[in-house]
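Generate coordinates for the entire structure from the input sequences, incorporating the hints supplied.
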Amino acid sequence: MNFQIKNPENEGGMNERIKRLRKQCFDTPTTLSIERALIETAFYKENYGTMPVAVLRAKNFYEICKKKTIYIGDDELIVAERGPVPKAVPTFPELTCHSVEDLHTLNSRELQRYTISQEDIDTYEKEVIPYWKGKTQRERIFNHVSKEWEEAYHAGVFTEFMEQRAAGHTAMDGKMYHTGLLDVKARIEKKISELDYIYDPEATDKQQELEAMAISCDAAILFAERHAELAEKMAAKETNPQRKAELEKIADVCHWVPAHAPRDLWEAIQMYWFVHLGTVTELNGWDSMNPGHIDQHLYPFYKKGIEDGTLTRDKAKELISCLWIKFNNQPAPPKVGVTALESGTYNDFTNINIGGIDKNGNSATNDISYMILEIQEELHELQPGLSIHIAENTPDDFLMAGLKVIRQGHGYPSVFNPDTYVKEMTRAGKTLEDAREGGCSGCIEVGAFGKEAYLLTGYLNTPKILEITLNNGYDPIAKKQLGLKTGDPRTFTSFEQLYDAWHKQMIYFVNLKLSVNNYIERMFSLYAPATFLSLYIDDCIEKGKDYYSGGARYNTTYIQCTGLGTITDCFTTIKKHVFEDHRYTMDQILAACDKNFEGEEQMRQYIRNHTPFFGNDDEYADTIAVKVYNDLVDAIEGRPNTRGGQTHLNMLSTTCHNYFGSVCGATPNGRFAHFAISDGTSPAHGSDSHGPTAVIKSLGKLDQTKSGGTLLNVRFTPALFKRDEDIKKCASLVRTYFKFGGHHIQFNIVDTETLRDAQKHPDQYKDLLVRVAGYSDYFNDMTEQLQNEIIARTENSAV
Amino acid sequence: MIIFDIKRYAINDGPGIRTTIFFKGCPLRCVWCHNPESWSTEPQILFNKNKCIHCPKCVGKNADECPTTAREICGREWTLPNLIKEIEKERDIMEDSGGGVTLCGGEPLMHFEDALALLKELGKHGLHRCVDTTLYAKPEVIKEIAANCEIFLVDLKLMDDEKHKQYTGVSNKIILENIRMLAEMGADFFIRIPLIEGVNTDETNIHDSIEFLKTLPWERKTVNLLPYHDVGKDKHIRMGSQYNPKGYEMKAPSDETLDRCKQALTQAGFTAIIGG
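Chains D and A, in that order, are what the protein sequence lines are. All residue numbers for the first sequence refer to the numbering used here, where the first residue is 1 and numbers rise by one. All residue numbers for the second sequence refer to the numbering used here, where the first residue is 1 and numbers rise by one.
Worth flagging that the hints you see were computed from the coordinates, not collected in a lab. Glycine included, each C-beta is placed from N, C-alpha and C at the ideal position. Check each hint, because a few of them may be wrong.
The calculated BS3-like cross-link candidates involving lysine-lysine, where the alpha carbons are at most 25 Å apart (straight line), are [claimed, not checked]: (1) A:Lys51 <-> D:Lys576; (2) D:Lys45 <-> D:Lys404; (3) D:Lys739 <-> A:Lys7; (4) D:Lys59 <-> D:Lys45; (5) A:Lys262 <-> A:Lys163; (6) A:Lys85 <-> D:Lys576; (7) D:Lys722 <-> A:Lys61; (8) D:Lys404 <-> D:Lys59; (9) D:Lys359 <-> D:Lys595; (10) A:Lys85 <-> D:Lys701; (11) A:Lys7 <-> D:Lys701; (12) A:Lys221 <-> A:Lys233; (13) A:Lys51 <-> D:Lys595.
Just a few of them, taken from the derived set where beta-carbon distance is under 8 Å, the chain D residues facing chain A [stated by the list, open to error]: (14) Lys595; (15) Asn596; (16) Gly599; (17) Glu600; (18) Pro612; (19) Lys627; (20) Asn630; (21) Val633; (22) His685; (23) Ser689; (24) Ser732.
One-sided and incomplete, this derived list gives chain D residues near chain A with beta-carbon spacing under 8 Å [claimed, not checked]: (25) Thr491; (26) Ser494; (27) Gln605; (28) Lys697; (29) Arg735.
In structure tokens:
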């Protein structure tokens, strides 16, 4: 087997241009830009109420594209930024408006700082904040919700994604590479001309939406034209002939795309970048934006360029590297109501898919797939995220090449299984072709790229629901009756009785969450349609409906369930030690949890060491995990949303298992109060003791096709990846897990010593990227709590 | 049969991903042994004082009741069907990775009948079999085992018989003869040399080892160099016995030493791999 990087002429790695661009990106501090908010506020002041909301949003977008400061940096080949300069992040006051206090905190906190000048804060206070008071999406949501919802939300039973950001998780298919926006606009105009105002009662709504879409086309074209003009001006002044030629080419490219379909690789990449920026400028969707299977999309341009002699592999790699720098120039927009201690991340979760299969089910790995692995390894930036997609027919070479990048320990790429996620999608009603063109965006969530609006709405804290159940509906942490009165568990005579009580509570909280999900979806449809994004999601134009109003071909709402490992372990503890072996009474267990096991270390240790836990290929525990999972699926799946689609579940936690743990008291499985709960579908920390093969077998017992994605973290020390021989064995582990129907697996390749040292000497580990959940982050940027958790994750050391 | 550990995802005990079965009992007493709990054929209670939380009333000999597993029973009776059932759990990963099952110890051949029964059963189940052995056994035993396993992993510790006796408690004569016999039978085996600075990394021993290996009609010609580490020390503490009672000087081999040994083997036409 050939493990060498293909095309050895590239072994030199980054060229000088990319080195400079990367350095500039790393050296530039993250700042907050108020420009977008100012343009938007002025526009709203003048126009709100004078036109339909869809048109208002489109014109607002147009206004930003027309007025925002544009930027072309030295050395750049791919151009345009979301903010006025690289790493300047705009705000979105129409969704959620930062207070003066928020801005000060963001400017001064230690981690994930967003600097902003006092002058800008003053302007924000005067110009922006007063206008939006009472009009933001966030206020619309919190003014509406019931007392029960609010109490459960504040207690950490669930979170709400869309209170601060628009729903996103959106990835593109290949259509932008075949169609320019002028063609799209012509299609929209034709659609408008065909509207039937007599027999179609929605014709007026459709007309408004379609007109708004047409304005959005103009806005993006104008934005590109402005860059073309700037490039021309810069070229005229440029004395270096090479740079002059580059600027002239940039001008040509920006005159051409996105108005027309790209003709070469450069234009294709710039096309994507304009579409990306358009999406993250009109709204601040979660997971920013994602090109999807970019290796498949770019390959025809690459092949043509190589064949006709207009392109070399080095040049192609340089252009794609420029795009990679652009991703890293866009830190995630910060939250409001932040505290100095709360950790966020600059990562905006663009998760690029490479390898995998094409729409006919054939292996889609090509030379660009390998090239992107090289780029990811050389640049090792925070963004974009990268995943390799390993179907049964994916070549071993590609898996090995991907694992070799993983070995570097930067946390990328994660590994996905198309054979499973295609089944997930067809099971949820997508056509086979659409499913095959889909993939995973954000962390692990599955979607039909370019054809689906899949909204992630928030995490559900399943161990917290058990804690509430064990206290007869009362939350001992929030000190409030949050749930139903399902009975004092001390009176229960069987495990089934306890399980049923939890099940009732779980359904109660799912319903509570869904009622607000539906409301929020409507608020986005009514107040924040995404008229630009709708251009790129089938069948918004055909239906004349917005992305947020059911325009997409598929419309899914996800609830992300967390803590499967922890809750399973709690259940096995009680089942075995209380109801079967009678070693402890329910009262003893509850009392021990109440006092956080103080004075009960003997009991806690016994439980930790003598209970069948999830992740050990042990039927006793795995059967319960499967039951919990299936019951969650049944509770969530198939509920109607407001967009003609359905609700599904996925099993993802990002970093939320830390937050959820922090609001949860001690649990029967011997977990101390406020310690993290288990992440994704991984075993709880320290619960798996039979090695990674036992873990994948336990996980393999879940019918993962019923989910919209699961997440498995495996932490390997570098020792396990030392030789190609070891990597081969790791490759078999991946293959076998995927044969069991696994959706996703990711590896953290670091040793505990390194991490401890990194905690002590952060300066020496500035570039230490570790995998957190569905993404990687800089170890230095994490709170101590999260760092400790990363260290505590079971170390699968097979020395 | 008395088994003291079953290790899944064993990636250093033969090809692919394997499950390793540890038999209890060994005729050798290698000073550097990293699992001396395998020496005695009898079940033992190990005590790891770092884990002990000093319960008011200790479970004592009833080690299974110890909350923290500070006290742990080493060596349990397994029936063949139960053992096969446990091994079968890993069938998919074994097949996908080209792995299988490795019998290890202790010395599996010390439990000839149990080991043979297990190997035969594994054969019926179509699983790949390795036997990790000292070859300190009767030739008839080895022949029968060879007929029921695919690969042997054989230690070559020291060429000097006096030193071999001194450090392992037995003569290497039988061992070297058995290695030769395996080679002449055409059996497949890897040679594994534990490298302990101060014991066997000197030029003479490496030279003699290579000269010995050169005389074998041996197709595989692959040697694993296993760098010594002192995990045995902690195990002795848990057993309540003394590690290296005679105070021999033993050190992990330096990178230079590893390199030198590897080079010497490579030059002699062998494939040398550092690690299992």
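Status of each hint after checking the structure:
1. A:Lys51 <-> D:Lys576: Holds: A:Lys51 and D:Lys576 sit about 24 Å apart, inside 25 Å.
2. D:Lys45 <-> D:Lys404: It is violated: about 54 Å lies between the C-alpha atoms, which goes past 25 Å.
3. D:Lys739 <-> A:Lys7: holds, 22 Å
4. D:Lys59 <-> D:Lys45: Holds, at roughly 13 Å.
5. A:Lys262 <-> A:Lys163: holds, 22 Å
6. A:Lys85 <-> D:Lys576: holds, 23 Å
7. D:Lys722 <-> A:Lys61: Roughly 42 Å between the alpha carbons, so the hint for D:Lys722 and A:Lys61 is violated.
8. D:Lys404 <-> D:Lys59: violated, 48 Å
9. D:Lys359 <-> D:Lys595: Since the Cα atoms of D:Lys359 and D:Lys595 sit roughly 56 Å apart, the hinted pair is violated (cutoff 25 Å).
10. A:Lys85 <-> D:Lys701: Holds, at roughly 18 Å.
11. A:Lys7 <-> D:Lys701: With a Cα-Cα distance of about 21 Å, the restraint between A:Lys7 and D:Lys701 holds, given a limit of 25 Å.
12. A:Lys221 <-> A:Lys233: violated, 33 Å
13. A:Lys51 <-> D:Lys595: OK: A:Lys51 and D:Lys595 at ~23 Å, within 25 Å.
14. Lys595: violated, 17 Å
15. Asn596: The hint is violated - D:Asn596 has no Cβ within 8 Å of chain A, the shortest such distance being about 16 Å.
16. Gly599: violated, 12 Å
17. Glu600: violated, 10 Å
18. Pro612: Since the shortest Cβ distance to chain A is 14 Å, the answer is violated.
19. Lys627: Violated, because the Cβ-Cβ distance from D:Lys627 to chain A comes to roughly 21 Å (cut-off 8 Å).
20. Asn630: Violated, because the Cβ-Cβ distance from D:Asn630 to chain A comes to roughly 22 Å (cut-off 8 Å).
21. Val633: violated, 25 Å
22. His685: violated, 17 Å
23. Ser689: violated, 10 Å
24. Ser732: Result: holds, 3 Å to nearest chain A Cβ.
25. Thr491: violated, 28 Å
26. Ser494: violated, 26 Å
27. Gln605: holds, 4 Å
28. Lys697: holds, 7 Å
29. Arg735: holds, 5 Å
Taken one by one, the earlier hints fail for this structure at numbers 2, 7, 8, 9, 12, 14, 15, 16, 17, 18, 19, 20, 21, 22, 23, 25, 26, listed in ascending order.
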